[in-house]
Amino acid sequence: MKIQGIIHQQICQLKWHLLACLGLVMVLPIEEAVVSLKDGTGVYSSTMVIVSLMFAPLLTGLIACANVQGDFEEKRYIFWRSKPVNVKLFVTLKFLTGLIASLIIIACPAIFGLVLSIFCKDYLEDETLQYFLPFAVLIAILTYSLCFGCNVLVRRTARAWLIGMLLGAFILVLPFILPLNYRDFVSDVMFGAWGYYPAIMLIASAAAFVFALYAAQHEWHLKTNLKGLLWVGTGLVFALMMLFNSQVANIKVLQEKEIESHDWRWNALDSAGDRVIFQGRSYINTNNNKISFSNIDVNPDDIDEITVPTTRIGGYRTRIYPWRGRLYKKTEGNLYSLAIYVYYRNEEKKDIYEKVYLRSHMFTGESWMQDDELDISDCLEDSTYPSTTMRLIDNKLIVLVNKSLVIIDVSDPQELKLIDKKLNALKSRAPYFYDRRKEFAIPLVPVEEISSEERIRLSIDRYYHYNDIYETSKVNIHNKQISFFRISQDDIARFDVTGWDDENIYCKFGTARPFTILERLTQDYSFHRAFVKGGKLYCPGEHTLMVFDIRSNQKIRKLGHFVRMDYRIEDIAVLENGNTLLHMYWSQNLSKSHNNQSKRYLCLLENPQ
Amino acid sequence: MAEPAIKIEGLHFSYGRKQVLKGVNLEVPKGSIFGFIGRNGTGKTTTIKTLLGLQKPHSGRCIIGGLDSSKNTLEIRRRTGFMAEDQQMYGWMKVGRIIEWVAGFYPSWDYKFADELAEILRLPMNVKVKTLSKGQNSSLALLLALGHRPDIVILDDPTLGLDPIARKDFLRHVIDLLQSNSVTVFFSSHLLYEIEPVADHIAILDDGVIIKAGKTEELRDNIRKIILTSPSETDFSRLAGILDVLKVGDNVSVTIEDCNDEKRNRIKSMSSNGMTEIALNLDEIFEAYVIGNRGH
Chain A
1 MKIQGIIHQQ ICQLKWHLLA CLGLVMVLPI EEAVVSLKDG TGVYSSTMVI VSLMFAPLLT
61 GLIACANVQG DFEEKRYIFW RSKPVNVKLF VTLKFLTGLI ASLIIIACPA IFGLVLSIFC
121 KDYLEDETLQ YFLPFAVLIA ILTYSLCFGC NVLVRRTARA WLIGMLLGAF ILVLPFILPL
181 NYRDFVSDVM FGAWGYYPAI MLIASAAAFV FALYAAQHEW HLKTNLKGLL WVGTGLVFAL
241 MMLFNSQVAN IKVLQEKEIE SHDWRWNALD SAGDRVIFQG RSYINTNNNK ISFSNIDVNP
301 DDIDEITVPT TRIGGYRTRI YPWRGRLYKK TEGNLYSLAI YVYYRNEEKK DIYEKVYLRS
361 HMFTGESWMQ DDELDISDCL EDSTYPSTTM RLIDNKLIVL VNKSLVIIDV SDPQELKLID
421 KKLNALKSRA PYFYDRRKEF AIPLVPVEEI SSEERIRLSI DRYYHYNDIY ETSKVNIHNK
481 QISFFRISQD DIARFDVTGW DDENIYCKFG TARPFTILER LTQDYSFHRA FVKGGKLYCP
541 GEHTLMVFDI RSNQKIRKLG HFVRMDYRIE DIAVLENGNT LLHMYWSQNL SKSHNNQSKR
601 YLCLLENPQ
Chain E
1 MAEPAIKIEG LHFSYGRKQV LKGVNLEVPK GSIFGFIGRN GTGKTTTIKT LLGLQKPHSG
61 RCIIGGLDSS KNTLEIRRRT GFMAEDQQMY GWMKVGRIIE WVAGFYPSWD YKFADELAEI
121 LRLPMNVKVK TLSKGQNSSL ALLLALGHRP DIVILDDPTL GLDPIARKDF LRHVIDLLQS
181 NSVTVFFSSH LLYEIEPVAD HIAILDDGVI IKAGKTEELR DNIRKIILTS PSETDFSRLA
241 GILDVLKVGD NVSVTIEDCN DEKRNRIKSM SSNGMTEIAL NLDEIFEAYV IGNRGH
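The listed protein sequences correspond, in order, to chains A and E.
For the first sequence, the working numbering assigns the number 1 to the initial residue and increments by one for each residue that follows.
For the second sequence, the working numbering assigns the number 1 to the initial residue and increments by one for each residue that follows.
Read the hints as simulated data drawn from the structure, not as lab findings.
Hints should not be assumed to be uniformly reliable.
Straight-line alpha carbon distances no greater than 20 Å define the calculated EDC-like cross-link-like pairs of lysine to aspartate or glutamate that follow [as the list claims (entries may be wrong)]:
{"no.": "1", "chain 1": "A", "residue 1": "Lys421", "chain 2": "A", "residue 2": "Glu503"}
{"no.": "2", "chain 1": "E", "residue 1": "Lys134", "chain 2": "A", "residue 2": "Asp371"}
{"no.": "3", "chain 1": "A", "residue 1": "Lys2", "chain 2": "E", "residue 2": "Asp110"}
{"no.": "4", "chain 1": "A", "residue 1": "Lys83", "chain 2": "E", "residue 2": "Asp110"}
{"no.": "5", "chain 1": "A", "residue 1": "Lys2", "chain 2": "E", "residue 2": "Glu100"}
{"no.": "6", "chain 1": "A", "residue 1": "Lys290", "chain 2": "A", "residue 2": "Glu332"}
{"no.": "7", "chain 1": "E", "residue 1": "Lys130", "chain 2": "A", "residue 2": "Glu73"}
{"no.": "8", "chain 1": "A", "residue 1": "Lys421", "chain 2": "E", "residue 2": "Asp110"}
{"no.": "9", "chain 1": "E", "residue 1": "Lys130", "chain 2": "A", "residue 2": "Glu74"}
{"no.": "10", "chain 1": "A", "residue 1": "Lys329", "chain 2": "A", "residue 2": "Asp274"}
{"no.": "11", "chain 1": "A", "residue 1": "Lys83", "chain 2": "E", "residue 2": "Glu85"}
{"no.": "12", "chain 1": "A", "residue 1": "Lys421", "chain 2": "A", "residue 2": "Asp491"}
{"no.": "13", "chain 1": "E", "residue 1": "Lys30", "chain 2": "E", "residue 2": "Asp200"}
{"no.": "14", "chain 1": "A", "residue 1": "Lys252", "chain 2": "A", "residue 2": "Asp549"}
{"no.": "15", "chain 1": "A", "residue 1": "Lys88", "chain 2": "E", "residue 2": "Asp110"}
{"no.": "16", "chain 1": "A", "residue 1": "Lys329", "chain 2": "A", "residue 2": "Glu260"}
{"no.": "17", "chain 1": "A", "residue 1": "Lys417", "chain 2": "A", "residue 2": "Glu373"}
{"no.": "18", "chain 1": "A", "residue 1": "Lys83", "chain 2": "E", "residue 2": "Asp68"}
{"no.": "19", "chain 1": "A", "residue 1": "Lys83", "chain 2": "E", "residue 2": "Asp200"}
{"no.": "20", "chain 1": "E", "residue 1": "Lys56", "chain 2": "A", "residue 2": "Asp371"}
Computed beta-carbon distance windows for the label pairs [claimed, not checked]:
{"no.": "21", "chain 1": "E", "residue 1": "Gly16", "chain 2": "A", "residue 2": "Ser552", "range": "48 to 58 Å"}
{"no.": "22", "chain 1": "A", "residue 1": "Lys75", "chain 2": "E", "residue 2": "Pro197", "range": "24 to 34 Å"}
{"no.": "23", "chain 1": "A", "residue 1": "Asn225", "chain 2": "E", "residue 2": "Trp109", "range": "41 to 51 Å"}
{"no.": "24", "chain 1": "E", "residue 1": "Leu160", "chain 2": "A", "residue 2": "Gly228", "range": "45 to 55 Å"}
Every residue gets a Cβ at the ideal spot worked out from N, C-alpha and C, and that includes glycine.
Starting from the given sequences, assemble the full structure and let the hints guide the process.
Below you can see the structure in the form of structure tokens.
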């Protein structure tokens with residue numbers, strides 16, 4: 001038996017399938033390269049290479065079927081089996097030839113993308129190459145082997161491909177069903193656990209190959225019914241998805257409570273010490289994982305409408321910071337609200353900003369009463385709209401107005417004491433990322449009255465957390481390692497603080513956790529609300545919440561996600577025990593806010609571990 | 001007695017619950033052209049696949065050239081040439097390429113003989129297999145079955161799908177090539193008139209068992225149709241060897257095997273109006289065996 005002849009026959013048999021698959025897998029990278037060249041931005045195809053690699057395992061399955069089907073069609077099977085062929089050798093040569101063809105399908109776009117990225121100095125991320133490519137190769141080997149084995153048995157291209165892919169999906173999901181503590185497909189599998197997972201894939205591939213040898217040798221032939229196969233397949237996919245969901249999309253809902261909302265407010269949940277206040281009116285209790293409300297004051301009657309009053313100044317309009325939430329402070333049983341009031345007037349259709357006050361209000365049991373105010377109008381450099389933020393650190397309130405900084409002692413909010421005021425002391429612009437892999441510096445906010453860590457946290461949040469810094473932070477401090485997170489459409493990137501001096505904080509890129517296709521599908525642009533608490537990164541989108549474990553220096557690992565596509569997440573609060581409260585809005589048509597068929601809910605979610 | 005080229009003993013085979021072969025027993029003499037006939041679906045191809053070792057029998061055994069087909073499959077296939085029913089080869093291969101590919105499986109491939117065959121069969125070498133006509137396709141399959149000069153050639157319904165002219169042409173080639181090389185030919189078909197001029201031995205398979213086997217000439221000599229005019233008695237069931245009884249008007253035709261003088265006289269005594277005896281062709285013999293009413 002001439003081995004070269006058999007290999008030559010296999011190459012001839014597969015050449016058109018291989019060319020067709022290469023055409024399919026290369027069309028997107030080439031298209032991206034051409035478009036980027038036309039745009040004059042270089043010749044790169046980094047995004048589409050990844051997409052092609054994701055689809056390549058489907059094509060390798062097709063290669064497997066084409067490889068086998070040519071020989072296992074009933075009458076052709078009898079033709080070559082009637083020759084003095086060593087079936088195992090014949091099938092092994094077929095398998096290896098097809099496998100090499102499959103690897104070519106993976107290699108072509110990968111090499112194309114790499115060469116172009118080197119040529120135009122674009123970057124295909126290290127993580128992608130280091131982890132994604134071997135993972136894509138492994139999946140391709142798995143789907144190829146399974147489809148090969150199935151086709152030897154089933155001898156129908158489409159059916160074998162369907163069954164092979166289904167088995168492949170099952171094997172990919174299997175580690176999540178087994179008690180291996182896998183939660184995040186990206187971090188635990190693609191970017192992390194190079195242990196069980198590839199082992200399972202390789203063992204399954206080898207098993208499929210050995211099975212193919214025996215099936216061919218003993219002429220095992222499973223006659224299938226396509227309709228039945230599709231039904232069974234659909235059922236199996238559904239069951240797998242349910243299992244996968246229960247393991248991965250796993251933030252458990254402890255209670256969902258419909259609430260009567262008195263006013264429409266996005267940030268309905270605010271923190272006051274260790275308590276959560278709902279719409280400035282009631283404390284939320286979550287004892288025994290049940291949501292209940294208790295009045296803020298110990299002995300008030302029903303309070304319908306309690307809002308912090310706005311002190312009017314004749315001829316002026318007011319803007320309040322925080323404009324959608326409240327900064328509360330609890331001292332000796334009293335509850336205070338702290339806010340920045342900006343006054344402006346309209347002159348010739350132009351807003352002129354002239355006055356800024358910091359005010360404290362105390363809750364008396366029936367209403368909010370102003371206690372004290374501090375005029376910080378001198379922080380306005382001109383009459384344009386000022387940016388205002390503030391953060392309460394211990395008993396010091398740091399107020400930032402445009403480029404000016406005010407430090408106020410609020411240990412007794414009834415008497416606001418100015419500690420320091422630095423006008424024009426802040427740098428206005430955040431560093432722009434041309435290349436996030438380059439080390440960069442963030443200007444340090446000049447506040448000596450707080451600890452270095454808090455100062456760094458404030459400085460970073462001022463640039464990357466925008467208006468929400470009064471309530472939350474994007475900075476994580478763990479084992480004296482300070483890092484912060486930026487969320488883009490493509491990934492979550494962690495940047496580590498490498499050092500600081502009197503002027504700047506120095507940071508470098510740490511790691512990134514790319515979003516999967518499914519995550520991208522449910523993603524929206526509300527991820528700027530993402531914040532860090534208790535070693536976890538919370539990413540509330542408009543309809544989704546994802547929680548990531550960020551304690552590791554190596555990887556960002558998803559602990560779970562919560563998806564409600566027909567709801568809108570309006571606010572989120574993380575409780576002391578790690579459970580999460582969501583304020584959600586439901587409407588028959590979310591795009592119409594004033595639809596009558598709408599409801600609001602409070603949803604208590606279990607702490608994902 | 002010389003050892004037979006093919007010997008089948010008590011062969012049983014089932015596809016699931018459907019029993020296809022129910023104890024086939026057969027001997028094919030060396031150097032003979034053996035016609036293996038039966039209706040579609042009676043188990044001819046199953047018998048051949050088992051003979052070649054392509055599938056294992058549930059019970060019984062097949063010996064080809066002294067080798068057990070379930071144990072020495074590769075060796076049997078080296079020594080045997082096989083042409084399958086409606087044989088499909090690799091359509092994308094050129095004729096020359098498929099000959100080269102198949103040659104790679106056989107250490108004894110005779111390239112010169114294969115070239116001669118290609119010439120005799122008028123096969124175009126640079127044409128893709130899928131573009132060949134049915135006749136050319138059968139010719140190519142025959143070449144691939146004979147190129148390694150086998151001792152035994154098994155042809156499973158080789159003329160299936162060919163038009164009458166192509167069928168005759170193909171059979172003429174087969175006879176010329178095989179008779180001159182003195183190989184044993186095991187030739188299955190359901191077209192009896194094409195086997196009749198070629199086969200020197202015949203076996204009839206029906207419902208998974210061989211119902212008749214023997215030399216073609218002996219079969220022709222031993223089976224007769226006797227037509228009785230207005231017989232006084234029409235119950236022939238007690239007569240041994242009755243294959244078929246058919247009434248046409250006042251006349252009755254009786255097909256009988258092992259037709260000797262004793263049987264002739266007994267039948268003759270049933271009618272005083274005369275009797276006509278006719279020799280049968282293979283087609284009629286087959287019909288009598290397979291669908292004959294046995295006098296009932």
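Here is how each hint holds up against the structure:
For the given pair, Lys421 (chain A) sits about 18 Å from Glu503 (chain A) by alpha-carbon distance, which is consistent with the 20 Å threshold. Annotation: proposed proximity of Lys134 (chain E) to Asp371 (chain A) is violated, straight-line Cα distance about 104 Å (limit 20 Å). The suggested pairing of Lys2 (chain A) with Asp110 (chain E) holds, with an alpha-carbon distance near 15 Å, which does not exceed 20 Å. Proposed proximity of Lys83 (chain A) and Asp110 (chain E) is supported: the alpha carbons are some 15 Å apart, at most 20 Å.
Between Lys2 (chain A) and Glu100 (chain E) the alpha-carbon distance is near 10 Å, which keeps this suggested pair within the 20 Å criterion. Restraint check for Lys290 (chain A) and Glu332 (chain A): the C-alpha separation of about 28 Å exceeds 20 Å, so the hint is violated. A hinted pair counts as satisfied when its Cα atoms are at most 20 Å apart, and Lys130 (chain E) with Glu73 (chain A) qualifies at roughly 15 Å. A hinted pair counts as satisfied when its Cα atoms are at most 20 Å apart, and Lys421 (chain A) with Asp110 (chain E) does not qualify at roughly 104 Å.
With a CA separation close to 17 Å, the supplied pair Lys130 (chain E) and Glu74 (chain A) stays within the 20 Å bound. For the hint pairing Lys329 (chain A) with Asp274 (chain A), the CA-to-CA distance comes to about 11 Å; that is within 20 Å, so the pair holds. At most 20 Å may separate the alpha-carbon atoms for a hinted pair to count; Lys83 (chain A) and Glu85 (chain E) meet this at roughly 15 Å. Distance restraint check for Lys421 (chain A) and Asp491 (chain A): the Cα-Cα separation of roughly 39 Å exceeds the 20 Å cut-off, and the hinted pair is therefore not satisfied.
About 12 Å separates the Cα atoms of Lys30 (chain E) and Asp200 (chain E), which keeps this hinted pair within 20 Å; it holds. Of the supplied pair hints, the one linking Lys252 (chain A) and Asp549 (chain A) holds, its CA atoms being roughly 17 Å apart against a limit of 20 Å. As the CA atoms of Lys88 (chain A) and Asp110 (chain E) are separated by approximately 26 Å, the hinted pair breaks the 20 Å bound. A threshold of 20 Å between alpha carbons decides the hint, and for Lys329 (chain A) with Glu260 (chain A) the separation of about 26 Å lies outside it, so the pair is violated.
Proximity of Lys417 (chain A) to Glu373 (chain A) is assessed by CA-CA distance (about 10 Å); at most 20 Å being required, the pair is judged to hold. For the proposed pair Lys83 (chain A) and Asp68 (chain E), the alpha carbon gap of about 17 Å is at most 20 Å, so the pair holds. For the given pair, Lys83 (chain A) sits about 27 Å from Asp200 (chain E) by alpha-carbon distance, which is inconsistent with the 20 Å threshold. Between Lys56 (chain E) and Asp371 (chain A) the alpha-carbon distance is near 98 Å, which puts this suggested pair outside the 20 Å criterion.
At about 57 Å, the beta-carbon gap between Gly16 (chain E) and Ser552 (chain A) stays in the expected band of 48 to 58 Å. The hinted range of 24 to 34 Å is satisfied by Lys75 (chain A) and Pro197 (chain E), whose Cβ atoms lie roughly 28 Å apart. Asn225 (chain A) and Trp109 (chain E) have their C-beta atoms about 43 Å apart, which keeps the hinted 41 to 51 Å range intact. Taking 45 to 55 Å as the suggested C-beta distance range, the pair Leu160 (chain E) and Gly228 (chain A) does not conform, at roughly 32 Å.
This entry does not satisfy hints 2, 6, 8, 12, 15, 16, 19, 20, 24, going by the numbered hints stated previously.
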